[in-house]
Each structure stands twice: as structure tokens, then as C-alpha cells.
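For the record, the sequence lines run as chains X and S.
Taking numbering that gives the first Met the number 0, the leading residue of the first sequence gets 0, the next gets one more, and so forth.
Taking numbering that gives the first Met the number 0, the leading residue of the second sequence gets 0, the next gets one more, and so forth.
Among these hints, one or two may not hold up.
[What the hints assert, rightly or not] Partner residues are not named here, just some residues of chain X that face chain S (Cβ under 8 Å, in silico):
(1) T2
(2) A5
(3) M20
(4) P32
(5) G46
(6) T52
[Claimed, not checked] Cut-off 25 Å, straight-line C-alpha distance, at most; resulting in silico cross-link-like pairs (SDA-like, lysine to any residue):
(7) X:K8 <-> S:F247
(8) X:K8 <-> S:E25
(9) S:K177 <-> S:F247
(10) X:K8 <-> X:E70
(11) X:K8 <-> S:I240
(12) S:K33 <-> X:E77
(13) S:K33 <-> X:E70
(14) S:K182 <-> S:K294
(15) X:K8 <-> S:L133
(16) S:K210 <-> X:L26
(17) S:K210 <-> X:S30
(18) S:K33 <-> X:G80
(19) S:K210 <-> X:I53
(20) S:K210 <-> X:A76
(21) S:K33 <-> X:P27
(22) S:K33 <-> X:I53
(23) S:K294 <-> S:P216
(24) S:K182 <-> X:E70
(25) S:K210 <-> X:W35
(26) S:K33 <-> X:K8
(27) S:K177 <-> S:G137
(28) S:K182 <-> S:A195
(29) X:K8 <-> S:K210
(30) S:K177 <-> S:E25
(31) S:K210 <-> X:P27
(32) S:K182 <-> S:Y130
(33) X:K8 <-> S:R89
(34) S:K294 <-> S:K33
(35) S:K210 <-> X:V43
(36) X:K8 <-> S:A195
The hints are simulated quantities; they were obtained by calculation from the structure and are not laboratory data.
Glycine included, every Cβ here is placed at the ideal spot set by N, Cα and C.
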Amino acid sequence: MSTTLASPKRLTIASVPIVGMIITPFLPFVSTPTLWLGLPSAIVWMGLMIVATIVALQIIERTYLREGGAELDRLEAEQSGLAGAATTNGAATITEREAH
Amino acid sequence: MLTVAIIIGIVGIGALGIAGRRRQTELSSWTVGKRDLPRWTSWFLQAGESLTTFSFLGLAGIAFGGGVAALFAVAYLTINCIVQYFVIPRQRALGANRGYLTMADFFQDRFNSKALGKTVALVGAVFLIPYLQLQITGLGLIVQLATGSESARGYSMAVASVLVVVFVIWAGIRGLAKVAVFKDFAMLAALVIVLAGVVAGIGGIPDIFAKVMDTAPSYLTISRPGFDATFWVTSVIVTSIGAGLNTFPHLWPPVLAAKSGAVLRDNVKWLAVYQFLLLIPITAGIAATLVLDPKTKSNLSSWASPSTRCRSH
Numbered sequence: 000m001s002t003t004l005a006s007p008k009r010l011t012i013a014s015v016p017i018v019g020m021i022i023t024p025f026l027p028f029v030s031t032p033t034l035w036l037g038l039p040s041a042i043v044w045m046g047l048m049i050v051a052t053i054v055a056l057q058i059i060e061r062t063y064l065r066e067g068g069a070e071l072d073r074l075e076a077e078q079s080g081l082a083g084a085a086t087t088n089g090a091a092t093i094t095e096r097e098a099h
Numbered sequence: 000m001l002t003v004a005i006i007i008g009i010v011g012i013g014a015l016g017i018a019g020r021r022r023q024t025e026l027s028s029w030t031v032g033k034r035d036l037p038r039w040t041s042w043f044l045q046a047g048e049s050l051t052t053f054s055f056l057g058l059a060g061i062a063f064g065g066g067v068a069a070l071f072a073v074a075y076l077t078i079n080c081i082v083q084y085f086v087i088p089r090q091r092a093l094g095a096n097r098g099y100l101t102m103a104d105f106f107q108d109r110f111n112s113k114a115l116g117k118t119v120a121l122v123g124a125v126f127l128i129p130y131l132q133l134q135i136t137g138l139g140l141i142v143q144l145a146t147g148s149e150s151a152r153g154y155s156m157a158v159a160s161v162l163v164v165v166f167v168i169w170a171g172i173r174g175l176a177k178v179a180v181f182k183d184f185a186m187l188a189a190l191v192i193v194l195a196g197v198v199a200g201i202g203g204i205p206d207i208f209a210k211v212m213d214t215a216p217s218y219l220t221i222s223r224p225g226f227d228a229t230f231w232v233t234s235v236i237v238t239s240i241g242a243g244l245n246t247f248p249h250l251w252p253p254v255l256a257a258k259s260g261a262v263l264r265d266n267v268k269w270l271a272v273y274q275f276l277l278l279i280p281i282t283a284g285i286a287a288t289l290v291l292d293p294k295t296k297s298n299l300s301s302w303a304s305p306s307t308r309c310r311s312h
């Protein structure tokens with residue numbers, strides 16, 4: 000359980016479609032001319048990787064919100080509201096959380 | 000007649016950016032507004048980078064020369080969504096809490112170096128010029144293709160350049176957002192028209208690829224000269240790092256102006272769906288190999304004249 004967005008578990012999930020896209024030229028069905036459903040297999044594969052990306056990010060978002068991210072989002076919204084009320088030019092106070 | 004219509008259209012888009020907006024005189028309101036852009040406004044500003052004149056000309060041209068290797072753009076833009084999901088909420092939070100207005104502010108603050116901030120600002124501005132030139136040149140080529148007139152190409156590029164400067168200076172990020180909404184729908188319509196034109200002019204999609212399979216199967220693999228696996232891996236990794244980590248200075252205002260990190264995450268977790276649209280110009284570029292002279296330069300293929308269409312593999 001981690002409230003860190005880029006936790007090892009979430010980065011691992013995110014890496015699946017990334018690796019899938021980078022290795023595309025080495026896949027046997029791409030390195031030889033192949034048609035799937037009338038389309039080049041590379042195009043179909045890339046379409047699947049787009050879907051895999053969307054699915055991976057949905058899973059990551061759900062786990063993040065479930066493991067404390069929703070509360071962090073609520074606090075950020077509150078802080079933004081206060082900052083918006085306190086300043087009109089966008090320069091807000093430096094919080095301890097973001098200090099160097 | 001068509002030239003006049005195009006010029007009117009360009010002026011109309013510029014007017015759309017300015018309409019209803021008072022001139023922005025403060026740098027903060029010009030770049031990031033009140034840092035309260037809602038989801039859909041942020042969506043169109045972020046998505047705008049996926050659909051540019053490169054989507055029409057560059058991708059079709061690369062597909063004409065490199066076949067399915069043109070999918071590298073789909074790959075890096077999709078990976079960009081994944082990397083940005085983790086990176087840009089943090090950039091927005093830092094920007095909101097420490098008052099960043101530009102990418103240079105981030106570097107100056109995080110590395111406590113004014114010199115680095117100035118260097119980033121200078122390098123960002125100088126190296127953005129070729130990117131802008133690419134877009135304006137692409138516009139000119141599209142106008143020349145539509146009108147057949149070289150002078151129309153020049154006029155449209157001049158008018159577009161002036162209008163972009165005027166409306167961006169006048170209206171700031173909210174003016175950009177209005178034009179981005181219009182642009183995305185217009186690009187979507189244009190891509191559908193391109194697809195319809197390819198189907199009507201050359202044949203159904205499965206027929207096109209079946210013919211390519213028979214005549215030049217190398218277009219269906221990532222192995223064309225200059226577009227091999229090395230090209231793929233290096234270009235995908237390098238451009239993914241560049242785009243994902245927000246190294247383009249013009250990508251920062253939409254991030255810094257967003258209402259919250261949650262808004263940005265909500266957007267990028269769906270934005271990859273835009274990349275499906277890029278499959279259309281890639282298909283058009285591969286289809287062009289069936290009808291254009293093989294000696295046609297790939298970066299000219301999308302506006303080659305009908306007289307050059309004598310190709311047979």
C-alpha cells in the first residue's frame with residue numbers, strides 16, 4: 000500500500016505497454032509481412048498497445064485512489080481553493096511539503 | 000476562390016481566439032490564468048499536441064518512405080501519456096506552490112540557479128523556432144495542395160504567422176484553449192475526409208494492404224532503408240523521454256494552469272485514445288505507395304501532383 004504515485008508496483012504495471020511498444024520491430028509477426036483482419040500486424044499490435052496503455056493507467060489510478068490518493072487529491076483541492084482566495088496572480092506561499 | 004476561403008478561415012480561427020477576451024496584460028494571467036482550468040479545457044490543450052500539421056504531412060510522408068515504421072510516432076506519443084501521468088501532477092503542484100509561470104522558473108527554483116533558468120529560457124525559445132517553422136510550413140504545403148497556388152501558400156503562411164502572434168499575445172492561454180477545441184474537431188473531420196478519400200480513390204483498407212503485401216511487402220515491416228529496428232528503438236526512446244518529461248517549453252502552461260493534479264491524471268489516462276487517429280495518415284501514406292511514382296520524395300508525397308501518379312511496383 001503506497002500513497003506515492005510512482006510506486007514500484009505502479010511503475011511495473013506502466014512498464015508493460017512501454018516494453019511492448021519498444022520491442023515491436025523484434026516481434027516475429029512484425030518482422031515478417033503479416034496481415035491480421037486485413038491490416039498490417041504492426042498496426043493491429045500498436046492498436047492493442049494503445050488499449051493496454053489505457054487499461055494500465057486505469058488500474059494504476061484505481062489503486063492510487065484506493066490507497067490514499069483520493070485523500071491527497073481532496074487536500075490538494077482544498078489547498079488550491081485557499082491559494083486561489085489568497086492570491087490573484089498565482090504566486091502562492093511555499094508549503095513545507097514542497098520545500099527543498 | 001479557394002484561396003480567399005482559406006484566408007478567411009485562417010482569419011476566422013484567429014478571431015475565435017481573440018473574441019470575448021480582454022487583452023491579457025499580466026504575465027501570470029497570460030500564461031497560467033488563475034490555475035483553475037477545468038478538465039475539458041485542459042484536455043483540449045493537452046490533446047492539441049497530438050494532432051498537428053505533422054500528423055497530416057509528416058506521418059503520411061514517413062509512411063510513404065518507411066511503411067509501418069511511421070508507427071513510431073504512435074508509440075512515443077502513447078508512452079508520453081504514461082510518463083506524463085506520473086510527472087506532470089508533480090510539476091503542477093510545484094508550480095502552484097512556488098509560483099512557476101514557465102519551464103525556466105522550474106529549473107531556476109529547483110536548482111537554485113538563475114543562470115540555469117535563463118539558459119533554459121533561451122534554449123527553449125531558440126529551439127522552439129524550428130518547431131513553429133515546421134507547423135507553418137506544413138500549413139503552407141496543405142494550402143498549396145488544396146489550391147495549386149504557390150502564392151496562396153505564401154499568403155497563408157504570412158497571415159497565419161501574424162494571426163498566431165496577435166491572438167496568443169492578446170488572449171493568452173484561454174484564447175489558446177478556445178482555438179484548441181475548434182482545432183481538434185476540425186482535425187478529426189479532416190482525418191475522416193482523408194480516409195474517405197483514400198478509400199474512394201484507391202480502394203477498401205483491406206484491399207490496399209493486400210496490394211501492398213503483393214507488390215512491396217517491406218512496407219509492412221520495420222525494415223525499410225533508414226527505418227529499421229535501430230531507428231525505431233532510438234527514436235521511440237528519445238522522443239518518449241523528451242515528450243514525457245515535458246522538455247518542450249510550450250507544453251508547460253497547460254500543465255501549470257490546470258485546476259489540480261487529479262485533472263491532469265484524469266486526462267492523460269485517456270489521452271492515448273487520440274493516437275488511433277494517427278493510424279489514418281499512416282494508412283494514407285502506405286496507400287500512396289500504390290499510386291505515386293516511387294521516386295517521389297517521401298516528404299513531398301502528400302502533395303505530389305496528379306501527373307506524378309504513375310507508380311507500379
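Hints and how they fare:
1. Given hint, X:T2 at the interface with chain S, is violated; its Cβ is 13 Å from that chain's nearest Cβ, farther than 8 Å.
2. The beta carbon of X:A5 comes within 5 Å of a beta carbon in chain S, closer than 8 Å, and the hint placing it at the interface holds.
3. Taking 8 Å as the C-beta cut-off, the interface hint given for X:M20 holds, the closest approach to chain S being about 4 Å.
4. Annotation: X:P32 was flagged as interfacial toward chain S, and the flag holds, the nearest CB pair being 4 Å apart, inside 8 Å.
5. Interface restraint check for X:G46: the shortest CB-CB distance to chain S comes to about 7 Å, inside 8 Å, so the restraint holds.
6. For the restraint placing X:T52 at the interface with chain S, the shortest Cβ-Cβ distance is roughly 5 Å, inside the 8 Å limit, so the hint holds.
7. Under the criterion of a C-alpha separation no larger than 25 Å, the hint pairing X:K8 with S:F247 is inconsistent with the structure, at around 29 Å.
8. At roughly 43 Å between alpha-carbon atoms, X:K8 and S:E25 are farther apart than 25 Å, so this suggested pair is violated.
9. Distance hint between S:K177 and S:F247 is fulfilled; the C-alpha atoms sit about 21 Å from each other, no more than 25 Å.
10. For a cut-off of 25 Å, the pair hint linking X:K8 to X:E70 stands: about 20 Å separates their Cα positions.
11. For the suggested pair X:K8 and S:I240, the alpha carbons sit about 21 Å apart, so the restraint of at most 25 Å is met.
12. Proximity of S:K33 to X:E77 is assessed by CA-CA distance (about 15 Å); at most 25 Å being required, the pair is judged to hold.
13. A C-alpha spacing of about 23 Å is found between S:K33 and X:E70, which places the hinted pair at or below 25 Å, so the restraint holds.
14. Distance hint between S:K182 and S:K294 is unfulfilled; the C-alpha atoms sit about 34 Å from each other, more than 25 Å.
15. Restraint check for X:K8 and S:L133: the C-alpha separation of about 40 Å exceeds 25 Å, so the hint is violated.
16. Under the criterion of a C-alpha separation no larger than 25 Å, the hint pairing S:K210 with X:L26 is consistent with the structure, at around 23 Å.
17. Between S:K210 and X:S30 the alpha-carbon distance is near 19 Å, which keeps this suggested pair within the 25 Å criterion.
18. Note on S:K33 and X:G80: the hinted pairing holds, with a Cα-Cα distance of about 11 Å set against a maximum of 25 Å.
19. Between the alpha carbons of S:K210 and X:I53 the distance comes to roughly 33 Å, so the proposed pair goes past 25 Å and is violated.
20. Annotation: proposed proximity of S:K210 to X:A76 is violated, straight-line Cα distance about 56 Å (limit 25 Å).
21. With a C-alpha separation of about 51 Å, the suggested pair S:K33 and X:P27 falls outside the 25 Å cut-off, and the hint is violated.
22. With a C-alpha separation of about 30 Å, the suggested pairing of S:K33 with X:I53 is violated against the 25 Å cut-off.
23. At most 25 Å may separate the alpha-carbon atoms for a hinted pair to count; S:K294 and S:P216 meet this at roughly 18 Å.
24. As the CA atoms of S:K182 and X:E70 are separated by approximately 36 Å, the hinted pair breaks the 25 Å bound.
25. The hinted pair formed by S:K210 and X:W35 meets the criterion: a straight-line CA distance of about 14 Å does not exceed 25 Å.
26. Between S:K33 and X:K8, the direct Cα distance comes to roughly 35 Å. Violation of the 25 Å bound is thereby established for this hinted pair.
27. Of the pairs offered as hints, the one joining S:K177 and S:G137 holds, with about 22 Å between alpha carbons and a cut-off of 25 Å not exceeded.
28. Only pairs whose Cα atoms come within 25 Å are accepted, and S:K182 paired with S:A195 is accepted, the gap being roughly 20 Å.
29. Our distance criterion of 25 Å between C-alpha atoms is broken by X:K8 and S:K210, whose separation comes to about 45 Å.
30. Taken as a hint, the S:K177 and S:E25 pair is honoured in the structure, with Cα atoms around 19 Å apart against an allowance of 25 Å.
31. Pair hint S:K210 plus X:P27 holds up; C-alpha atoms about 21 Å apart against a cutoff of 25 Å.
32. Taken as a hint, the S:K182 and S:Y130 pair is honoured in the structure, with Cα atoms around 18 Å apart against an allowance of 25 Å.
33. Using a Cα cut-off of 25 Å, the hinted pair X:K8 and S:R89 holds, with the two alpha carbons roughly 19 Å apart.
34. At roughly 53 Å between alpha-carbon atoms, S:K294 and S:K33 are farther apart than 25 Å, so this suggested pair is violated.
35. Taking the CA atoms of S:K210 and X:V43, the gap is near 18 Å; set against the 25 Å cutoff, the hint holds.
36. Our distance criterion of 25 Å between C-alpha atoms is broken by X:K8 and S:A195, whose separation comes to about 44 Å.
Of the numbered hints listed earlier, those contradicted by the structure are 1, 7, 8, 14, 15, 19, 20, 21, 22, 24, 26, 29, 34, 36.
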